[in-house]
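Required output: the full structure, derived from the provided sequences and hints.
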Amino acid sequence: MPHLFVDISAHGFGHLAQAAPVLNRLVEQLPALQLTVRSVLPLDRLSQRIHAPFTHIAAASDFGYVMHDAVTLDLPATAAAYRAAHADFPARVAAEVRRLTSLGIDAVFTDVAYLPLAAAAQAGLPALSMCSLNWADLFQHYFGKERWAAPVHAEILAAYRSAPFLHVTPGIPMPNFAQVIKIGPIGTMGIERRSALREKVGAGKAARVVMIALGGIPMRLPIEHWPVQENILYLVPAAWQPTRTDFHSIESIGWPFVDLLRSVDAVVTKPGYGTFAEAAGNGTAVLYQRREDWPEQDYLIDWLQTHARCAEISADKLASGNFADTLDTVLAAAVPPAPTFTGIEGAASYLLKFLTAPGLQVEACRGYADACPARQ
Numbered sequence: 506m507p508h509l510f511v512d513i514s515a516h517g518f519g520h521l522a523q524a525a526p527v528l529n530r531l532v533e534q535l536p537a538l539q540l541t542v543r544s545v546l547p548l549d550r551l552s553q554r555i556h557a558p559f560t561h562i563a564a565a566s567d568f569g570y571v572m573h574d575a576v577t578l579d580l581p582a583t584a585a586a587y588r589a590a591h592a593d594f595p596a597r598v599a600a601e602v603r604r605l606t607s608l609g610i611d612a613v614f615t616d617v618a619y620l621p622l623a624a625a626a627q628a629g630l631p632a633l634s635m636c637s638l639n640w641a642d643l644f645q646h647y648f649g650k651e652r653w654a655a656p657v658h659a660e661i662l663a664a665y666r667s668a669p670f671l672h673v674t675p676g677i678p679m680p681n682f683a684q685v686i687k688i689g690p691i692g693t694m695g696i697e698r699r700s701a702l703r704e705k706v707g708a709g710k711a712a713r714v715v716m717i718a719l720g721g722i723p724m725r726l727p728i729e730h731w732p733v734q735e736n737i738l739y740l741v742p743a744a745w746q747p748t749r750t751d752f753h754s755i756e757s758i759g760w761p762f763v764d765l766l767r768s769v770d771a772v773v774t775k776p777g778y779g780t781f782a783e784a785a786g787n788g789t790a791v792l793y794q795r796r797e798d799w800p801e802q803d804y805l806i807d808w809l810q811t812h813a814r815c816a817e818i819s820a821d822k823l824a825s826g827n828f829a830d831t832l833d834t835v836l837a838a839a840v841p842p843a844p845t846f847t848g849i850e851g852a853a854s855y856l857l858k859f860l861t862a863p864g865l866q867v868e869a870c871r872g873y874a875d876a877c878p879a880r881q
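Numbered according to this note's numbering, the sequence shown spans residues 506 to 881.
Hints may contain errors.
[What the hints assert, rightly or not] Capping the alpha-carbon separation at 30 Å, the derived lysine-lysine pairs in DSS-like fashion look like this:
| id | residue 1 | residue 2 |
| --- | --- | --- |
| 1 | LYS710 | LYS858 |
| 2 | LYS705 | LYS822 |
| 3 | LYS822 | LYS687 |
[What the hints assert, rightly or not] FRET-style restraints, in silico, Cβ to Cβ:
| id | residue 1 | residue 2 | range |
| --- | --- | --- | --- |
| 4 | ALA557 | PRO581 | 35 to 43 Å |
| 5 | ALA743 | ALA557 | 22 to 30 Å |
| 6 | THR748 | PRO536 | 43 to 51 Å |
| 7 | THR834 | ILE686 | 21 to 29 Å |
| 8 | ALA589 | THR748 | 35 to 43 Å |
These are calculated hints, taken from the structure and not from any lab test. Here a beta-carbon is modelled for each residue, glycine too, at the ideal position from N, C-alpha and C.
Structure representation (C-alpha cells):
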C-alpha cells in the first residue's frame with residue numbers, strides 16, 4: 506500500500522475541515538493506506554477529525570498569513586516571513602526532498618502548502634493539492650506591487666503548477682493554475698443533539714443557544730460587557746474564562762465541534778471555509794463579521810447566502826454584543842436547502858485513482874517538464 510504524505514496548513518481550522526473528510530473516505534476505500542500528517546495543529550484536534558491511524562509530524566512548511574487576530578492581517582510581518590522563507594527556496598526544496606525520501610513517501614497531498622509540491626516534483630513523486638484558496642493568488646493580491654515580490658511569487662506559482670489542484674466549492678477563481686479540477690463543497694455532518702445541549706446549559710424551550718466560533722486564530726471579545734439578553738445563552742472558548750451564567754465554555758460540553766454546530770441555533774463567526782460550509786450543511790444560522798480585505802470572503806458569503814440563513818453584523822455590534830435584533834431576523838427566515846458535500850467523494854475518488862493508476866501520475870505531470878523532470 507502507498508505511503509501518503511499529507512501537509513495540512515494551520516492558518517485556522519478550515520484546511521483541516523477540508524482535508525479530513527477526504528482522508529477518511531480515502532481510507533475507507535484503501536484501508537491499508539499509510540498516512541503521515543504534518544501540521545502544527547494540535548494532535549487532539551487532528552485526531553478528532555481524521556479517523557484513520559496516522560503518524561503525526563508537528564511542524565509546518567507554510568504559514569499563510571501572520572495575524573493580529575482572527576480578522577486582522579499583519580502584513581509587514583507576513584512580508585518579512587515570505588522573504589525569509591524564500592531567501593534560499595531551492596535549498597528548502599532540497600531539504601524537503603531528503604525528508605520525503607527518508608520517510609519512504611510514495612505520494613504527496615496538501616491543503617494548501619506548496620513546498621511539498623515542489624519537492625515532490627523534484628523527487629518524481631505524484632502530488633496533489635486541494636483547497637478553496639491558494640497562497641500564490643493571495644500573495645499576489647497583497648504584495649504583487651512590491652519590488653521584491655516577483656521572484657517569490659514565481660516560486661510559489663511554479664510549485665502549485667507542478668501538480669493538479671482540486672478546487673473546492675466555494676472558492677476564489679484560479680485562472681493562473683493550468684490544471685484545476687473543480688469539485689463540490691466539503692464538510693462534516695454533525696449529530697443533532699439539541700435537547701441534550703439545552704439540558705447541559707439550562708436553556709428553556711424558548712431560549713436560543715448561540716456559539717461564538719471565530720476560527721483557529723485567537724481573538725477574544727469583551728463578553729463581560731455584553732448586555733444580558735433574555736432567552737439567549739452563549740457558548741464561547743474556555744480561554745475567554747466566562748463567568749456569567751449566560752455563558753458556557755465550548756470545551757465544557759465535551760462534544761465534537763460539528764455536533765455542537767448542528768445543535769446550536771446560530772453561530773457567530775467570520776468568513777472562513779470550515780465554519781461557513783459546515784454551518785450550511787448542518788442547517789445552522791450564521792452571523793458573520795467581515796474580514797478586512799480578505800480576497801476569499803466575497804465568494805464564501807455569496808455561496809452562504811444561497812445555502813443558509815445568514816446576515817452580516819458590524820465589528821461594533823459584535824464587540825458590544827448588540828446583535829439580538831439581527832439574530833431574530835435570521836432565525837425567522839426560511840431555511841434554504843442544505844448543500845451536499847459532494848466534494849468529499851470527488852476528491853477521494855481522484856486521490857484513489859491518482860495513488861493506484863500510474864498512468865494518471867504521468868498524465869498529471871504532462872506539460873510541466875521544468876517542474877517535474879523525473880516523471881517524464
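Problem - In rising order, the numbers of the hints this structure does not comply with - result: 1, 3 and 7
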